[in-house]
Structures are given as C-alpha cells and as structure tokens.
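Chains as they are written, first to last, in our numbering: chain A, 6 to 193; chain B, 2 to 550.
Everything labelled a hint here was simulated from the structure, so no lab data went into it. This list has only true hints and no planted wrong ones.
Here are the simulated lysine to any residue pairs, SDA-like style, with alpha carbons at most 20 Å apart:
# : chain 1 : residue 1 : chain 2 : residue 2
1 : B       : K394      : B       : S503
2 : A       : K184      : B       : E105
3 : A       : K186      : B       : R488
4 : A       : K189      : B       : S377
Which residues of chain A face chain B? A few of them, derived with a C-beta cut under 7 Å, are:
# : residue
5 : P154
6 : P163
7 : P164
8 : E173
Backbone N, C-alpha and C fix where the C-beta goes; we use that ideal spot for every residue, glycine too.
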Amino acid sequence: MELEYTTYKRSEFIETDTGNKVSRRSLISGSQNIVLGGKTIVHSKCTIRGDLRRAGPSHQAAVLIGRFCSLGEGSVLRPPYKTYKGTFSYYPLKIGDHVDIGENTIVEAASIGSYVKIGKNCIIGRFAIIRDCCLIEDGAVIAPNTVIPPFSVVAGGPPAKVVAQLPESTQEIFEAQSKDKYTKFVPA
Amino acid sequence: MPGTTKATVLYYCPCSGSTKTQNSSDEPKEKKKRTDEPSREDNQLARSIDSSLSNTDSTKAFEGSQSRPKTQEHRAMETEPPLSPSSNAKLDQQLLSLHASPIENLYYCDDCSEIRCARCVIEEPAGYHCPNCLFDVPTASVRSENNCCARNCFQCPVCTHVLSVVEGGSPQGGKLCFTLSCSVCFWSSSEIGWEFEKATGISAQVERIRAGESTNKEFTNLLDYWRTVQRVTATASAPQVQGGVTANSGVAAGGSGSFKHRLATAGLHSIGSGLHRASLGTGTNGIPEYRATCYTDSDHERVAELMAIQDADMVSYSGEPIVREPQRIRLHMKLARRCRLCHHILIKPESKAQATRFKIQLMAANVLPTITIPASLTPRSAGSSAQPVRLPKSPFQPGSTVPLAIRFSNPLYTEMQVRVDTCASSTDAHVDVVAPQFALQPFTELWEYDEEEEEGGTENNSSDTNLGGASRSTKSSRGILDRHGNRVAIQLNVTSLIETASLTIPLRITCTHVDDMDVDNDTRNEDGRSASSRHMITNSFWVYITLGD
Ligand SMILES: [Zn+2]
Ligand SMILES: [Zn+2]
Ligand SMILES: [Zn+2]
Ligand SMILES: [Zn+2]
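Chain B on its own, in the form it takes in the complex:
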C-alpha cells in the first residue's frame, strides 16, 4: 500500500537564490538611508521589532535591484533542469530544498511571468499590531512606543508567558489593587513591588514607576545632555568631525570612546581617560560638564573597581538577587511583498490585525497548476470503491520500469493547455511521459459541489469524449488515467538507471491559457474560443518530484 514510500513535489524558483542577509557590512549604507529616506526607517524599525517571532523565511534580501539578465543560462533552463545530478551522484536534497518549495509557499509575479520565492521578494511593513491584544498601532507611534505594546501586555520574566492583570497584592485602605500575574509559573509583579491602582493602562503606570527610579532619571538626563552636545557639535564643528563619528551616530557612540572621555573629564570616575581625547577634545567648548545627580561617590568607586578587574577569579560574588522585570510585548508587523526584480506588488495584506484577507495576493498556486501524487485515481462513488494507487516501491532497481501517476489541477477559471517535458540527460532515471500534452478544464465551484454532494458519483460531460470510463484507467493508452473536473491524472513511466532509495525526477511544465482580462472584456462568445486574437499567457517552470525516503 502507499504510505511506505513518500512522494514530494517541489516547484523550482528561477531566482539566483540569494540568501544574503543583512549583515554588519551593510550598516553604514543603511545609516545613510536613514537620514534622507524616512520610509526606509520603517523597514529598519520593523526589522528590529522581533526577530525571533518574525517568520523563518525572512531572509530579508534588501538589495532591491539585483537584476538577473536573461542569458544563455536562462535559455538553457528550458531544456536542462537548473539542478541536475552531477555524474553519478544523487541530486543533493538539501540543495533542492534551498531552490525549490511546495507550491503553497511560492508567489507569482504576473509582470515577470515567473515564480517568486521567499528569497526573491522584498518585504515591506504594512501595519503594526500587538500580537497579544491585537491592537493596531499607528505607524507614527511605533517608534515612540519603542516597538512595544502600550497597553496591558507584558511578558513573564521567568517563563515568557503573557501576564494577566489580577486583583490582589496588598490593598491599602480597602482600595482595590492590581498586579501582573503569570498563570503558568505563578510569578507575580508584587514580588518586585509592582502594584497598580487601575487594571487598565498598565504600561503607562509602569512607566510612571520607572520614571521615579533614580537610574532612569539619570539616563534621561544623560540623553538630554548628549542631545545638546550633538546639536552644538553638529552646528559648530560639523566639518571637523572626522572618522566614523558622524553627528547622527553621536548618541549611539556615547557608549564608547567619547562617552567615557566626557565622564572622565567630568571627574566622575577614572576610566577611559585619554581615549579619543584628540578627536573630540575641541568641539565641545561652551557646554557645561555633565554632573551626575543620583550616583554617589561609592558608586563611582565601585564602577572603577569593576573596570579594573583583570582576573575573573578575583571577583567576589555578592549574591545579590537579580531583579527581573516583565518586558512589554513587542509589536508584530504585517508584511507586504514585492517582486525583487520589477517591484510589482505580490502581497498586500489588510492592515488590520484581525483581518486575514489580502488586498493583493499573487500566489503561485492561484496561477499555476498544482501537481499532486494521487492516493487513489478516481473519486469514490457510492457503488464502487476507489482504486488505490500504488507508488513505486523504494529502493529502485536499475532497469526496472515503474508507472507513476501525477495529477494536475487547474486553479483558473479558464481552460489551460499543459505540456510536460522531461530532461533527456538525466543519469538517475529515464522518464517517459505517455501523454505529454493535455488540457485542463477550468476550475468551477460546481466541481467542488459535485464532489461534496454526489461524491463524484456521476461522470460529467467533460470526460465522455475522452475516456471510456474512469475505472478503466490503467488501460488508457493515451496515458491519461483520470479526468475529473479541473483535474487530470497522467501516467509517467519511470525507469531507474541506478539502484537508489530515492529518485528525483525533474519535469519541465509549460502551461498556456487565455488572459482572464480579455475574457472579461469581450462579451464571451458562446463558443468561447476565438483564441487566436486573444492574449495568451504562457508559463513554464521546473518541478522536482522526489520518490522514496
């Protein structure tokens, strides 16, 4: 019985397969964009929103205009599969999975008339929301909210589960009191003294608690101070700023040399003195030195002590408990996708968090035929039992020929002509397509209705011209095993040339259909087929069918 042998059908994407990700070398370029192109900033922001939660296929290829010239290599693809087994070695499955995907995961650019995969689309933010409360956050406020939900959504500091607001804690004077509590590990925010007067707007209440902490005040003061420095240096001595320290990165660089230098010259503590003195010593005249408000002398001594550590063994562990605070839940982003070559929009989601619909959705499965390996050929009718299809058994012996059924289904509302070509030079297997050309009837809701209501009991008019009945499937000399609705099953005869546990068969599929738009425009003639004057669309692509484990 089938089930022992596995079969997968993968569609090849013709892109260069760039898996280039955003790395450090791209940083300066990105920073420059940040200043003159605010829309890019959204991308930047968005990318930082949540790398762990963003999808696995987000390889984020951003180099927009990497054009791929249609060279001989491309033309050669029409006769030779882009991935083929070299000499006797089997086709590397990992390589295959890198370049080919199940059709559900692929897009289709109707400008390029080509498959697009996750690697050859550009991603753009199309709305932000909190993944927990599903509140839509306006793009304008994403940054000011630090990419986090500004409502009640916090993550448990122990187990990462979302905390819920519960009544409790230590109410004073009979007033209600709320805490954040974890329903998984029973952590409660009263452990760190977070108790709230209201059950709503927890974020704002937390901000109030935090604002009162001396360290936060200090940080705000420092930030203000350095903004002033930045402004003054930018206006007074911008031309003199040298090296990598631009006006824009001044705040960011605050953590390194210039920051330490300033602190050092301010006499706060003694680290980092001498560093970068030359580069920034002159540009900051006129600004009073920074004075820490909350740190005492003992703090500075401790910092100096820690900075002077040379040997880890010398460190004494004080055993101070680390206070862990709940973090606000990070926002999610909806993605729009564009073709990387022509920037044609492929996916445009509804921006609302709750909506799962798309304004634009160009998926490959909506344009190209879906190829499946049937488990049984004919739809089961009330009387007859369905014929199970036996998959060729692995391992495959050299010289033995096995039949393989594959089924095509047409997603379009127009008829589709399909041609199946094999690759002649395969060293793995010889494949004979018994019926290399056939037509796929248009998809109609009616077919579905048939299957559901009548369970395909009666054969419809489409099939009586071609087949003497579905039950005689194996005897069909034309290699068409079954026709039903928008679907056709054809037979391949696969001859393995090597002994192998798994066999990968490349097939070149070419399908042609009349442009839908034209059909809509001219008032559909009854015969419906004055096709010569109509605009025909041809798509061709490679699929890889893998049999065996």
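Bound-form chain A, shown alone:
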C-alpha cells in the first residue's frame, strides 16, 4: 500500500524557508540552540529541549536534526547528560537525515544516524548511539550507552536487543519513504 496523504490545518504549522514544518502546538525550548536541516516535520505536542546544553559561552547547538525527518506527535527530544570529572553537563543530541521518530517516543541519545525509523512509545536511553539504516520497533527500550550497529532491527527491552537484520536496500527504502511522507503532508 502506498502512503495516504495527511492533511493539516494551515494555521497550525509554521513553514520555514528551508521547508521545515513546525507545529505551533509543539513545545520548543531554546530554539536558538536547535538546528533543523530542512523539510523536517515537527508534529504537535512534540517537545525539543534546546535549552538543555552545556553551560558556558559555547556556540554548539544542543539539538541537531537533519533533513526529511519527522518527529511524531508527543515525542520528546532531550539532550543527554552526565557528570564527568565532577562536573554535570549536557551533551548535544545529533540526528541525521531521513529519521522518522514515532509518537510518544523519548529520545536522549547521543546520536542517531541517517535512514533510521523509530517506532511509537520507544525510549532511546542516554548516550545511546544508533548507526545508519536501523529500525527500532514500537515499544523498544534501548538502554543508556547502547550502540546499535548499522542495518539492525531492534525490539523489546529493557534492554532492547538486535532481533534481525535489514536488507541491503534499506537506505533507498527509508529515503524514499521519508520523502514520500514529507510530500504527502499537505495543508487541508
């Protein structure tokens, strides 16, 4: 089945010059520390905590998101933190291109590669690293500091485990899907 069109109220979404579509009903803190790559959709009730960043005069962004991403309704993106050598600090959360994050999923990862699909109601633990071309199934709980190698299907938990491998065509499939999803997200 091909994907159906999703319509939204024109008044709800702000469209940026680079084609990002951000719901006015999302919760974005510290927007000056957030980078959206373009053609990324931030759905309603999505929370992005750009305010949580390393103290001091650093110019580093707290949340970096690539192109053609979709942040599902009610999802939470929060930079990871740890105490290193006695100092509490936040670290950047980086997300690549063509990343689809499902509804009500909480992300505290250090990095998520490109061509990644994360299901609904997942928890991606602090400093987790998800490499390119991965599928995280609905409800998976990825423990902190986990590294998910490329082409993995991850499910269950805690801690979630690699349960299968994705085909070699994953990059093309996920890229096509994320572009399709963006194209079919249209004002009513």
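Position chain B with the ligands relative to chain A; hints supplied.
Below, chain B with the ligands alone, put in the same frame as chain A:
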C-alpha cells in the same frame, strides 16, 4: 475508505526454494574442506560468530552448484503461475510467503536475468567488526581472538546489556581503579573480584586474571599435551588411525573416549576406563603420561562421585553460588552475496564497520519495476485534492467485478516497456487487464524535484499525449489511470469466482529495456531511439497481489 482492506504485492523467486540448512550430516564434508581450503574456514568461523545476531533469513544454503535445468517446468512458468490454488482451495499464504517476498528483499542476478532471494544466494564473509565499538577486526586475527572483541566490550552476565567501564571498586593507596558496570541492572564486576588498573584494554586485563586461575592453567597444559599427542600420532601411526578419529579431530575428540582413556590410564580417576582402549592403546608410546598440576585428590574423588550418580534424587545440592562472568562481545560479520547458480557477485559491502554503502549492490528494486497499490491516484496539487482510491472491499462475492488500481514505477534511467499477463486458469478470480502494455518513462531526479517543489502541480509534457488530464482518471478507456514521472497506474478488473475474504492475483510481468551500457557507449542520438540495433534486456517474473486480510 482504504485501510480496512489490506493489499500486499509479493515478487516470486524462481529458485527451487531450498531451505536446506547446515546440519550434522554435512559435518564430515565440512571438516575435510577445512584442511585443504582455508577460505572455507572463514565461512565456518563466520557462521559460528553469532547465530543469534545473524540475520533471520540466513538459511545458509551452501551447496554451491545446485543447478536448475531450464526444463518444461520452467517454460510452463511463463503461462502458468508457479504457485496456483489447487482446485477450490485458496492459495496457501504461508507457501506464498516462502517463495515470494517484497521487492526490497530481493536481489537480481544480471547474468541469469533472474530474481534471487535470500535462499538462492551464497553468503561470504566480507569483513569482521565488533557490533559495539565498531572496531574493524582483521580477518587474520578473528580466530586468535576467538571471534570476540579484544577491546573493552563485555556483556552483562545478568541482563546481557553491554557493560561500561566505570571508576570505582576499592581503590588501594589512592590509585584509580576501574570496574565493568551494567547501567541496566547495576551489576558490577567487583562482585566477582574483577577490578582493573587501566580503563583501556580490559580484555587483555581479563585474560591476565584468567590466566592466573589454576583451572585455566590446567586447560592450557592439557591442550599442549594433546597437541603433542596429536603430532606424534599423526607422524608415527597416521595410517593405523581408524574409525572417525582423524588426526585433525584428535583435539576435538579429546572430550570423549580417548580423553577419558588417557586420564584413566594416568591414574587420575577411574572413569571411562576400558573405553576405546583398543583404538588408541598403541599409538601413544613414548609420550609421558599427563599429570594434572592443580587438581588434588579430593577433586578426583568428587569427579568420580559425580560420574557415579545413578539417580538424580541422590544428588545433594550444596547451594554453591554460580559465579557468572561477563562474556566478551562476539564479532559481527558483513556479508557479500553471490548468485547460487552462476556465482555472479550480487552484494559486496564496504568492509569498514561504519560504512553502509556497497561496492556492488544488485537489488531487484533497482532493475525491475516496483508495483504498489496506490492510496490516491494523482499527486496532490495545490488546488485540487487528491482522489483517494477505494480498494475492493473484502469479503469478495462471486460474480462481482471490482476495479483495482496498481502502480508501476521504473527504477532505470532508460524507458521500459511493460506487459502484464494474467493467468487464465485461476479458479479464484478472473482478472482483466485493461491496458496490458504500456511504457514507463525513465527515472530522473527531476521528477522527484517536481513532486517536492511543486507538489506535482503542473503536468509535464510526457502526459499530454496520452491523457486528457489526470483528474479524468476513471474515465480513461485505455485503462491507464495516471501517468506521472516514471510511474504509471493501470486498472485491473477483478471478478471473484468464489466467496472469499482474501484474494490472491498472480500476474506475469514482462519488461524490456535497452541495455544501459549501450546507451552509455554510443553517443546518445538526439532521438535516442534507434533501438533495433541495441541490446535489449527482457525480464519476466510473477507477482502475487493479495487483497483482504
Ligand atoms: Zn546468476
Ligand atoms: Zn530464490
Ligand atoms: Zn568492541
Ligand atoms: Zn545487567
């Protein structure tokens, strides 16, 4: 609205569908290969790396040259679907899913001009790495590292999560001390006395701890001893070795008869005496008997006691806690794949762990048209709303005819001619393809651009010759519902012959295109179509469209 009815499109792989896996009967053959063919050894090794983590479709069909003659059976496939419902019974969905897959999972051998599935490809190792630290392990050192990561990667003995190195434990004299700790269940290696001086090279430090344990010393001594025995017997009495005990398997067989025999004759304890005495009694002259260094008499008594157990009820449980040690993380392997029939390489990954690119990637979806069931026919433009497509509702009533739209998209940079044939003898449904032959425009990045930037608002020149406009789709008498870019949606009229909740429609797709290589070679004429002299490639295959639950 669509959504209530499901639709899937599966592509049939013409292989014999061998699901033969590596089983015990293959063992002797494999062992022989091991001695004379070191490259096979890599396969062996690789297979043992991690069965639980290796992919689900790794059926590991290794019998390389199982040729499939192109018999009548094969020719018959061109008119009759290879899987068809027998009499009135519906096509077994499980059988279908065994032989057919979504196009994304299929390969394409351009030597055989055929679809290849996970079962009809040969897998070969193409690089090893640790799945946690993603360190690339040279093939040469995979074996010496026991297929495990030689760095800091260990698995929690309780919950299997990867352990992290943390400061802590019981530092002595103000020096830093590190332990392995689980961030999920809070297990710590200090529980078993593993504390490290450095935060790096934990594996080596663990090996040092383990090497100091008396049992490990004993094992190393035993291994050395049996290697000596093996060498001596191999040179002195190789011709006399009989039965299944070859020189090569001597060490492996150590766990069974000969091992027990040796221990028994060495007077260590009294088990297994008499076993295999005849077969190995003579060949080992000249080697001193093995003397255990770490076992005391009480150990031997205990072993003898345990070996003498006849009745489980007699066993007393001492309640000794089992000490569980973290295991090193097992290595992952990247796979290259070859066509099983002609050994043509289909998949060749970059060997680096981090890379997700492929040097060679012959996927079916890059050569054959992808068939989808549209949710709406035309791309939505700013003004008009997209027409949703209604899928035929299940259950299907006999005699009723329903329209079904299917869409083809061309992955190639050349135009593709497509012919759609149905199977005449189906007992499930009669299918009428309104437009059985059509052309698919080449794929260009521009089409994508159109859709993204203009959301398909303006129809391009390709369509004005064929259609009076996409919006009049249902009225198109030629059965072509929509043309857009490299995609064409056509109409099928499906008449169910039985009452059923799900209907499977086999379609024979034949597609022809000019060989890309030729296009590259001759400096593309402006008309671009002196096709007669060019090399044409024809692919034909069966797809199964299933409607309903
Ligand atoms: Zn082949
Ligand atoms: Zn096959
Ligand atoms: Zn490692
Ligand atoms: Zn644990």
